[in-house]
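Mind docking these for me? Both chains are given alone in their own frames, and the hints should help you get the complex.
Just so you know, the sequences run in chain order A and B. Going by this note's numbering, the first sequence opens with residue 1, and the numbers climb by one from there. Going by this note's numbering, the second sequence opens with residue 1, and the numbers climb by one from there.
One thing to keep in mind: the hints can contain errors.
Said to hold, decoys possible - Only pairs whose alpha carbons sit at most 27 angstroms apart, straight line, appear in this in silico DSS-like list of lysine-lysine:
no.	chain 1	residue 1	chain 2	residue 2
1	B	K43	A	K143
2	A	K24	A	K71
3	A	K113	B	K43
4	B	K43	A	K208
5	A	K69	A	K46
6	A	K143	A	K110
7	A	K110	B	K43
8	B	K43	A	K27
9	A	K159	B	K43
10	A	K221	B	K43
11	A	K110	B	K31
No wet-lab data here; the hints were simulated from the structure.
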Amino acid sequence: MILESIGLTKIFRMKPAVLDFNVKIEKGRIYGLLGPNGSGKTTWMKMVAGLTKPTKGMLLFEGEPWNYKNKAKIAYMSTEPFFYEFMTVKDVGEYYNDFFEDFDLVKFKKLIKENHLDEEEKAKHLSSGMNAKLKIIATLSRKAELFLLDEPLNGIDIKAREEIVNMIIESSSDENAIVISTHLLDEIESFMDEAIFVKEGKIIRQVKAEETRMEEQVSMKDIYMQIM
Amino acid sequence: MKYNNEMPIYLQVIRDLKKKMITGQLPLGAKMPSNRELAVVYKVNPNTAARIYKELELEGLCYTKRGLGTFVTGEEVQVETLKEEMARELLIHFMNEMRDIGFQKKEILTKIEDYEEGLE
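Isolated chain B, as found in the complex (with noise of 0.2 angstroms):
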């Protein structure tokens, strides 16, 4: 993975492995790399990868079951009240940046649908 070195690393990691269970490439219930695993894949040193397993459990996205190791949540609704809010949370960040430029909604759709017309 290409990071932003600029901004925590752990932070980036959360991001991506969030994404990959939205997509479902990290389905519901999945058993998780080990921590060891994850800092290689990730190239992060162990105790990086330590600290995204218990940020992602406090965040009810991840479990761990003693001896067996770490596991994706097995609640839909988790998985989509995260999706939700990483939309809610680009289109904020959408919105203000078009509105900061002086367009209104109106101009906004028509930029959208343009866009996906590639008329853009």
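Isolated chain A (complex conformation) (with noise of 0.2 angstroms):
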């Protein structure tokens, strides 16, 4: 198991915006973490990726609690654009490999010309769907075994999402883990492993997508609309 997250509390203006999450992620899995806005997705993420500290609870990252030395090994994707408005399609990748030890600057260069991206371009003239390729392909770049991608979907077209999930599920493998947080079903529900359901900072369910399937004949956007 990569990451265990027990109790994992966070109060906020004494309203809890996460409360008492218990979540296994383990390697070679994704996972949808999926709720509407203000459930406390971003928060738990941010707790995970060491930007905000619990009121209350514990992770475990490999077992051991976690500690900053585990950040080397997390690759967290804010919704929030994260380079520089200068800075060119290819400053980013610079910017990023003088900034992880785990980047693969090969790959990275490698998905930006297969997604067409030009390399000389800013980032500040870039178009949504391109800037949020950007996002995700610097975010993938890393070797990282653990994967935390806010909201990767959102605010974008057809293509570029289809084009964001084949690099997604390109990049999953047995050496990595990837939580996807997201509130549009149908896009992750083919390829997602687990699906967790979260609600007022709550988790509500977490379920295997294929046994459920086989088990209960209900696909996991059922299981949302039921829940919320």
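Okay, here's the thing in structure tokens:
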């Protein structure tokens, strides 16, 4: 098991943003973290990425209590744009390469080319679809063991979504675990191994997708609609 | 591929691959896509892709050459059998449903002929 979240809780201004999150994440699997906006998905990811401290509870990374060194093995993609506007596509690759030891510049360049991004183009001139692709390419070019992708499919056209989905599937391996937060169930239904349903800061249910379809003849979307 | 998300995805992919074998889109002895390629084409995760190949191997429709990948069986009889099985399965379903709503063999045959001639 790569990550275990035990009773993880975050209280913001007296209100719980995340309440008693118990989750186990294993390598070789893709997880859907599913819930509406404001249900605690981002806050939980930020705690796992070490960007905000839990109020209560514990995180185990590879069986040991989480410590800052684990950051080197965790790739978190936030919903906000995260490179400077003056940077070109090429600069983003170099910046990441300097910043992360596990960055694979060859993979970055290959994906940039395959996805028709212009190396010399400035980040601020990219369309929202291109920007989303650049973000995911930069994140997936790390050889991280745990990928946390916060809303990678939001606000972009159907073609860019498909390309992003393909990159996520291609990057999945026995060496990593991928967690995708989204409320766009249709986009990830066919390729998530497990679905974690989150509502109002709490985990309502966690299921294995194929087993559940087999046993209950329901889709992950059916469960989502039922819960939310 | 469009899925029925209330059914296991891997079974739907297997069915699609079987149809491709029957129609020759995946000819005898042809090299199948790698796990990862299959995963991307069908929008499934690589675990599911591996499981799909395992199932097809168990049914004798595929085999793996170490280091070279997965291939469609070279034996025509396997694919012929598959074709017969699938046809039979579809027929059983169709006949059961038709009988359930009160059709007899003769009427069913007429229905089929009319349908094929575009009368219905």
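Are there hints from earlier that the structure breaks, and if so, what are their numbers?
-> Failing hints: none at all.
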